[in-house]
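Trainee: If you want the building blocks of each chain, they are given just below.
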Amino acid sequence: MNSAPSLTPSAPLPPETKTGTPTPAGRASTLIAAQFETQAAVRQGSAWTNIQAIAGVVIKELYRRKDFYVLFILTALITLALGSARFFGEDGSVRYLKEICLLLIWIAGLVIAITTTARQIPAERENRTIFPLLAKPVTRQHLVLGKFFGCWLACGLALLVFYFFFGVISAVREHDWSPGAYFQILTLHWFLLGIIVAMTLLGSIVFAAPSSNSTITLLVAVGILLLGRHLNTLALQLAAPAQQIVYAIYFTIPHLELFDVRDLVIHNLGTIPWLIWCGALGYAAAYSAIFLGAACLLFRRKALN
Amino acid sequence: MEAILKIENLRVEYRSREIGQGVKQAVKGLNLAVYPGEVFGFLGPNGAGKTTTMNVLLGFVNATAGAAYLFGVDVRKPIARQRIGYLPELTYYYKFLSAEEILRFYGKIFRIPAAQLDERIDSILKLVELEHARQRPIRTYSKGMQQRVGLAQALINNPDLLVLDEPTSGLDPIGRMKVRQIIQRLKSEGKTVFFSSHELGEVETICDRVAILNQGELKAEGRVDDLVRHYQCANLEQVFLKIIDYEQAA
Numbered sequence: 001m002n003s004a005p006s007l008t009p010s011a012p013l014p015p016e017t018k019t020g021t022p023t024p025a026g027r028a029s030t031l032i033a034a035q036f037e038t039q040a041a042v043r044q045g046s047a048w049t050n051i052q053a054i055a056g057v058v059i060k061e062l063y064r065r066k067d068f069y070v071l072f073i074l075t076a077l078i079t080l081a082l083g084s085a086r087f088f089g090e091d092g093s094v095r096y097l098k099e100i101c102l103l104l105i106w107i108a109g110l111v112i113a114i115t116t117t118a119r120q121i122p123a124e125r126e127n128r129t130i131f132p133l134l135a136k137p138v139t140r141q142h143l144v145l146g147k148f149f150g151c152w153l154a155c156g157l158a159l160l161v162f163y164f165f166f167g168v169i170s171a172v173r174e175h176d177w178s179p180g181a182y183f184q185i186l187t188l189h190w191f192l193l194g195i196i197v198a199m200t201l202l203g204s205i206v207f208a209a210p211s212s213n214s215t216i217t218l219l220v221a222v223g224i225l226l227l228g229r230h231l232n233t234l235a236l237q238l239a240a241p242a243q244q245i246v247y248a249i250y251f252t253i254p255h256l257e258l259f260d261v262r263d264l265v266i267h268n269l270g271t272i273p274w275l276i277w278c279g280a281l282g283y284a285a286a287y288s289a290i291f292l293g294a295a296c297l298l299f300r301r302k303a304l305n
Numbered sequence: 001m002e003a004i005l006k007i008e009n010l011r012v013e014y015r016s017r018e019i020g021q022g023v024k025q026a027v028k029g030l031n032l033a034v035y036p037g038e039v040f041g042f043l044g045p046n047g048a049g050k051t052t053t054m055n056v057l058l059g060f061v062n063a064t065a066g067a068a069y070l071f072g073v074d075v076r077k078p079i080a081r082q083r084i085g086y087l088p089e090l091t092y093y094y095k096f097l098s099a100e101e102i103l104r105f106y107g108k109i110f111r112i113p114a115a116q117l118d119e120r121i122d123s124i125l126k127l128v129e130l131e132h133a134r135q136r137p138i139r140t141y142s143k144g145m146q147q148r149v150g151l152a153q154a155l156i157n158n159p160d161l162l163v164l165d166e167p168t169s170g171l172d173p174i175g176r177m178k179v180r181q182i183i184q185r186l187k188s189e190g191k192t193v194f195f196s197s198h199e200l201g202e203v204e205t206i207c208d209r210v211a212i213l214n215q216g217e218l219k220a221e222g223r224v225d226d227l228v229r230h231y232q233c234a235n236l237e238q239v240f241l242k243i244i245d246y247e248q249a250a
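Heads up: the protein sequence lines correspond to chains V and D, in order. The numbering used here puts the first residue of the first sequence at 1, with every later residue one more than the last. The numbering used here puts the first residue of the second sequence at 1, with every later residue one more than the last.
FYI, nobody ran anything at the bench for these hints, they're computed from the structure. Please note that a few of the clues may not be correct.
With a straight-line cut-off of 30 Å between C-alpha atoms, the simulated DSS-like cross-links for lysine-lysine are [said to hold, decoys possible]: (1) V:K302 x D:K6; (2) D:K108 x D:K126; (3) D:K95 x V:K66.
Just chain D, same shape as in the assembly (with noise of 0.2 Å):
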C-alpha cells in the first residue's frame, strides 16, 4: 500500500538566536509513514517538533535534509497540497470576513465552481454548526467558533487528508467533543488524519496508530494497543509518560 504522506530521514535545524548558541536541531532523522483511511496521532511533548515537522509538510519551513511526500509528491511543490486540509494550533482568520465568505475565498482558490461551492459551503457550516453565523464576522467569534470555522476551511476541498495541529487546543469539554465527533465522522467516511495533540485520551480513542516524538527524535510508532502492550502500561497516556520519563532520566 501506498503511503499518502511520507517522510524521510528528515532533519530540520534553525540558527539560535542566542549569541553562541548556534544551531538548534529541531527534527533529527524522521521517518514516517502514514496510510491512506488512517487516523494518525503525531505525539510529543511541547517543543518535541511536531508544529515543524508539519510546517514542514506544508511547506512553510524548508527541511535542512531528507524529504517529505504528500500524495507521493514533494511537499516543496504547491500542488502537493492540493488534496490536503489544514487546521493550525492558533486558528485565527481574517476577521472583517464571515464564515461564509472565508469559505468562498478558500473554495475559489481550490477552483470549485460556483454553484457546487454554495452547496458545500451548506453542508460544511452545518457540520461545524456555524450555519446560524454564517454572515457575522468572524471577529464576533468565540474560541470554539474560531476552531469550527478552521475546521470547515480545512475541509472545503473535500481533503483526502486532513492535517491537523493541536485541534482541541483551548476549547472546552463541548467544544472538544465537537471537534472529536468530527473527526470521527471524517474517519468513518475513509479520510486520512494526521493530527498532533496533547490530549492522550482522544488520541487512544480516535487513532488507529501513533508516533511519539521527543527532542526532534521518534521514540516510538506503532498501534495504540501494540505500545500499550509492549511497554506494559494501561493505557496510552501512562506509554507517553514513561517514554518521556524514561528519556528524561536518561
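The shape of chain V in the complex, shown without the other chains (with noise of 0.2 Å):
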C-alpha cells in the first residue's frame, strides 16, 4: 500500500470539476466562493451528461443480461421462420403471417419495454447502488429521466432489429417495399413504447414490487389498446354519472391504439400524411412527458433508505 501513488492527478481539472489540489487547512471559503461561481454552469452542464452516463450503464445492463437475448433472438427467428413459410403463395395468407409477425414484434416490444423499466428503480433501491449514485452531483429526476432514455433507446434498438428482419423477409417475398411505410410504423411504435416506459416508469415509484408494476402497466396498457377507442361509444349507452366518468377516462387516458398503424404494412396501403404522423409523435412526447414529470415529482420528496 506504501507504495501507491498520489491521489493528485498530474493535470489541472477544468475549473468546474477542480479538484486537483488537496484541501488545506483555511481553503474552504476560496472552495465556496469558487463552488458558488461554477454552480449555474455546472448545473446546465452536467444535467445532460447525467442522463447519458445513466442512460448508458442501462443499455449496458440489458446487453449483458440473458433473458434479453432470449427473448429477442425468439422473436426474430419466430418473425424469420413465418416470414420465410410457403403457403401456396396466396396474398392473403402471406398477409396473415404478416399480421402474425407484426403481432409477435407488439408483444415483444411491449414485454421487454415493461419488464426492463419496471426493475430499473427498484433494482437501485434494492441493491442500494442509488446511494453512491445519488451521493454525486445527479439529481433524482436525472435519473428517473436516464432511466427513461436507456430504456427507451434499448426498445428502439430492439424494434430496429425486428423491423430489419421483416422488412428484409417481406421484401424478398413481395418483391415490394415501401420504405416510407416501414419508416412510419417503426417509429410510432418507438414512441408508443416511449409511453410505455414513462407509464412504468411512474409505476415503479408508485408500487414496490416491480412485478405488480409489470402486471398492472401490461393490463392497462393491453386493455388501452384493445378498449381505448371504444370508450366514448360505450359512455354514449351509459347514464350519468357513469357516463362522466367513462368520458373522463376516454379523455384522459393516452390513446395508444393511435399508434397501430400495422395495416399499412399488412395490406401494402402507403403511407399516413407526415402531418399526422407528426402529430402522434407530439402527442406521444405529451404523455411520456406528463407521465415523466408525475414520476420525477412523486421521486422528489421520497426518503431513499
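From these two lone chains plus the hints, build me the complex, please.
Mentor: Here it is in C-alpha cells:
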C-alpha cells in the first residue's frame, strides 16, 4: 500500500471540476466562493451528461443480460421462420403471416419495454446502487430521465432489429417494399413504447414490487390498445354519472391504439400523411412528458433508506 | 475558519410503521461542524442516528427541521455534492460492470475529461490495489475487493470531503488495515474525512476529533485525548462505553 501513488492528478481539471489540489486548512471559503461561481454552469452542463451516463449503464446492463437475448433471438427467429413460410403463394396467407409477425413484434416490444423498465428503480433501491449514485451531483430527476432514455433507446434498438428482419423477409417475398411505411410504423411503435416506458417508470415509483408494476402496466396498456377506441361509444350507452366517468377516462388516457398502423404494411396501404405522423409523435412526447413529470414529482420527496 | 460540513439543529422524524407507535425521532437537534483537513469520527451504537444524519447530508432523507451545509451550500442542492466522496456502509455496485467501467461512469458524472479520467482511474485502482482485476465484472469480486471499489468510486473526483459510513464493516483484518491505510494517506494529503465506525481502536488512531451520538442526541464531542481526560478513562472505547452505559442506566 505504501507504494501507491498520490491521488493528485498530473494535469489540472477544468474549473467546474477542479479537484486537483488537496484542501489545506483555511481554504474552505475559497472553495465555497468557487462553487457558487460555477454552480449555474455545472447545473446546466451536467444534467444532460448525467442523463446520458445513466442511460448508458441501462443499455450496458441490457445487452449483458441473458433473458433479454432469449426474448430477442426467439422473436427474431419466429419472425424469420414465419416470414419464410410458403402457403402456395396466396396473397391472403402472406398478409396473414405478416399480421402474425407484426403482432409478435408488438408483444415482444411491450414485454421488453415493461419488464426492462419496471425493475430499473426498484433494483437501484434494492441493490443500494442508488446511494453512491445520488451522493454525486445527480438529482433524482436525472436518474428518472436517464432510466427513461436508456430503456427507450434499448426498445428502439430492439425494434430496429425486429423490423429489419421483418422488412427483409417481406421485401424478398413480395418484391414490393415501402420504406416510408416501414419508417412510419417503426417510429410510431417506438414512440408508443416511449409512453409505455414512462408509464412503467411512474408505476415503479408508486408500486414497490416490479412484478406488480409490470402486471398492472401490461394490463393497462393492453386494455387501452383493445378498448380505448370504444370507450366513447360505451359512454353514449350509459347514464350519468357513469357516462361522465367513462368520458373522463376516454379523454384522459393516452390512446395507444392511435399508434397501431400495422395495416399500412400488412395491406400495403402506403404512408399516412406526414403531418398526422408528426402530430402522433407530438402526442406521444406530450404523454411521455406528463408521466415522467409525475414520476419525478413523486420520486423527489421519497425518503431513501 | 469556515466549516466544510455544518449541521444546525438537525431533527429527523420518521412515521413509525407499527400501529400506535406514532412518530420516531431519529435525530434530535444535532449541531456539528467539521473543519478542513480534519478526520472526524462519528460514533454511536446501532440506531443512534449516524446513518440517518449521513443520509440527510447526502440528500437521501429530508430533515424534519434544521439545516445542513456542505462547503456552505445547503445539502438539498445537488451542487453541494460536487466535491465530496461517499462510501456507503453496504457497498453494492452494478455487478455487470467492471471496476474500471464503474469509475468511468462516475467520472463522466463529474465531467472529468476523458484523458484525465484514464490517468485518474489508473492511479485510484493502484491505490486501492485493484489494478489486476480492473476488467473483471464486480460480481466476481470478494467483499473486501467490493469495499475497495467503493473507496475508489468515492475518490474518483479527488474530493475535498470524504463521507464514509462504517468503511471497515464486515472486512477481515487485512481488508480493515488496507482501508485504514488509505484513510491515513488521505489525511496526510489534507483531505477532510467524516466517518462513522464501530472500530473504536482505529477511530482513536486516525481521528482528530470525534462526536458520540446516542438515541439521536449528541452526547460528547471533541478531541480524542480531551475526551479521554475529561471522562477519566484509559481510551476512547472506555469513554464510549461510559457515555452509553450512563445513558442506559438513566
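Trainee: Taking the hints in turn, state whether each one holds.
Mentor: Hint check:
no.	hint	result
1	V:K302 x D:K6	holds (24 Å)
2	D:K108 x D:K126	holds (20 Å)
3	D:K95 x V:K66	holds (14 Å)
Violated hints for the displayed structure: none, as all numbered hints are satisfied.
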